[in-house]
Amino acid sequence: DSGVTQTPKHLITATGQRVTLRCSPRSGDLSVYWYQQSLDQGLQFLIQYYNGEERAKGNILERFSAQQFPDLHSELNLSSLELGDSALYFCASSVVAAGNTIYFGEGSWLTVV
Amino acid sequence: DQQVKQNSPSLSVQEGRISILNCDYTNSMFDYFLWYKKYPAEGPTFLISISSIKDKNEDGRFTVFLNKSAKHLSLHIVPSQPGDSAVYFCAASRTDSWGKLQFGAGTQVVVTP
Numbered sequence: 001d002s003g004v005t006q007t008p009k010h011l012i013t014a015t016g017q018r019v020t021l022r023c024s025p026r027s028g029d030l031s032v033y034w035y036q037q038s039l040d041q042g043l044q045f046l047i048q049y050y051n052g053e054e055r056a057k058g059n060i061l062e063r064f065s066a067q068q069f070p071d072l073h074s075e076l077n078l079s080s081l082e083l084g085d086s087a088l089y090f091c092a093s094s095v096v097a098a099g100n101t102i103y104f105g106e107g108s109w110l111t112v113v
Numbered sequence: 001d002q003q004v005k006q007n008s009p010s011l012s013v014q015e016g017r018i019s020i021l022n023c024d025y026t027n028s029m030f031d032y033f034l035w036y037k038k039y040p041a042e043g044p045t046f047l048i049s050i051s052s053i054k055d056k057n058e059d060g061r062f063t064v065f066l067n068k069s070a071k072h073l074s075l076h077i078v079p080s081q082p083g084d085s086a087v088y089f090c091a092a093s094r095t096d097s098w099g100k101l102q103f104g105a106g107t108q109v110v111v112t113p
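Those protein sequences? They're chains A and B, same order as listed.
Under the working numbering, the first residue of the first sequence is numbered 1, with each subsequent residue one higher.
Under the working numbering, the first residue of the second sequence is numbered 1, with each subsequent residue one higher.
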């Protein structure tokens, strides 16, 4: 158990819909990261939040957005869903200082039909 | 643009022998490298890391070697155990953007009795 909690574990939704994935970081970790793992793209960094502020952006689509709340939990919002958005979405957390272990949650499986 | 490459999608090794996993990177700005292990339906689990100021880091059965001039790193697992059967991901980061990991495609390791 990494201490990073993600919900829901599985989600099936239709194209065009919107979903929200939730993440609770490890206790004490101020930094939260979102990653997407798809069959054709592998594990890709989407976005990072640190203590409520966006810190870094990766290959995140404009249809996707995220936020980190005062209690440090984070949500990833995916809208206007397409079939190609079907993937495993991971949340990770760490202390922000370089070299500290980045812990991953178990992921949220999203299937768009 | 795949900046981290794991060219061997799979590796089969006998229990008790050495497993050697390879990883190449193209971006010379990367200064921190990590290995993660992943079981099906679980998130990646941190194994071992190495800073670019070192050429070797050891932790129990796991040793990571870094050859900066060749932009190559390898993970040695000695001795291999059945529980080591998993997908292993190489990842790279810059310490000034900690957490923004670039992952390789992964290598499936199967340890046979």
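Just so you know, not all the hints are guaranteed correct.
[Stated by the list, open to error] Covered by chain A, according to a simulated footprint, are these stretches of chain B (three or more residues, beta-carbon under 8 angstroms): (1) 5-13; (2) 32-42; (3) 56-70.
[What the hints assert, rightly or not] Result set (EDC-like, lysine to aspartate or glutamate): computed pairs, CA atoms no more than 16 angstroms apart in a straight line: (4) B:K68 to B:D31; (5) A:K9 to A:E54; (6) B:K54 to B:D31; (7) B:K38 to A:E106; (8) B:K71 to B:D55; (9) B:K5 to B:D24; (10) B:K5 to A:D40; (11) B:K68 to B:D84; (12) B:K56 to B:D31; (13) B:K100 to A:E54; (14) B:K68 to B:D24; (15) A:K57 to B:D96; (16) A:K9 to A:E106; (17) A:K9 to B:E42; (18) B:K100 to B:D31; (19) A:K57 to A:D40; (20) B:K71 to B:D31; (21) B:K38 to A:D1.
[Said to hold, decoys possible] Taking CB as the label site, the calculated pair distances span: (22) A:T7 to B:I20: 37 to 45 angstroms; (23) B:P40 to A:N100: 41 to 49 angstroms; (24) A:L83 to B:K56: 27 to 35 angstroms; (25) B:D31 to A:Q17: 27 to 35 angstroms; (26) B:S28 to A:K57: 31 to 39 angstroms.
No wet-lab data here; the hints were simulated from the structure.
The C-beta atom is built at its ideal place from N, Cα and C for all residues, glycine as well.
Quick rundown of the hints versus the structure:
no., hint, verdict
1, 5-13, "violated (count 0)"
2, 32-42, "holds (count 5)"
3, 56-70, "violated (count 0)"
4, B:K68 to B:D31, "holds (9 angstroms)"
5, A:K9 to A:E54, "violated (25 angstroms)"
6, B:K54 to B:D31, "holds (10 angstroms)"
7, B:K38 to A:E106, "holds (10 angstroms)"
8, B:K71 to B:D55, "holds (11 angstroms)"
9, B:K5 to B:D24, "holds (5 angstroms)"
10, B:K5 to A:D40, "holds (14 angstroms)"
11, B:K68 to B:D84, "violated (27 angstroms)"
12, B:K56 to B:D31, "holds (14 angstroms)"
13, B:K100 to A:E54, "holds (13 angstroms)"
14, B:K68 to B:D24, "holds (10 angstroms)"
15, A:K57 to B:D96, "holds (14 angstroms)"
16, A:K9 to A:E106, "holds (8 angstroms)"
17, A:K9 to B:E42, "holds (10 angstroms)"
18, B:K100 to B:D31, "holds (12 angstroms)"
19, A:K57 to A:D40, "violated (20 angstroms)"
20, B:K71 to B:D31, "holds (11 angstroms)"
21, B:K38 to A:D1, "holds (13 angstroms)"
22, A:T7 to B:I20: 37 to 45 angstroms, "holds (38 angstroms)"
23, B:P40 to A:N100: 41 to 49 angstroms, "violated (27 angstroms)"
24, A:L83 to B:K56: 27 to 35 angstroms, "violated (45 angstroms)"
25, B:D31 to A:Q17: 27 to 35 angstroms, "violated (41 angstroms)"
26, B:S28 to A:K57: 31 to 39 angstroms, "violated (22 angstroms)"
Violated hints, in rising order: 1, 3, 5, 11, 19, 23, 24, 25, 26; the structure is consistent with all others.
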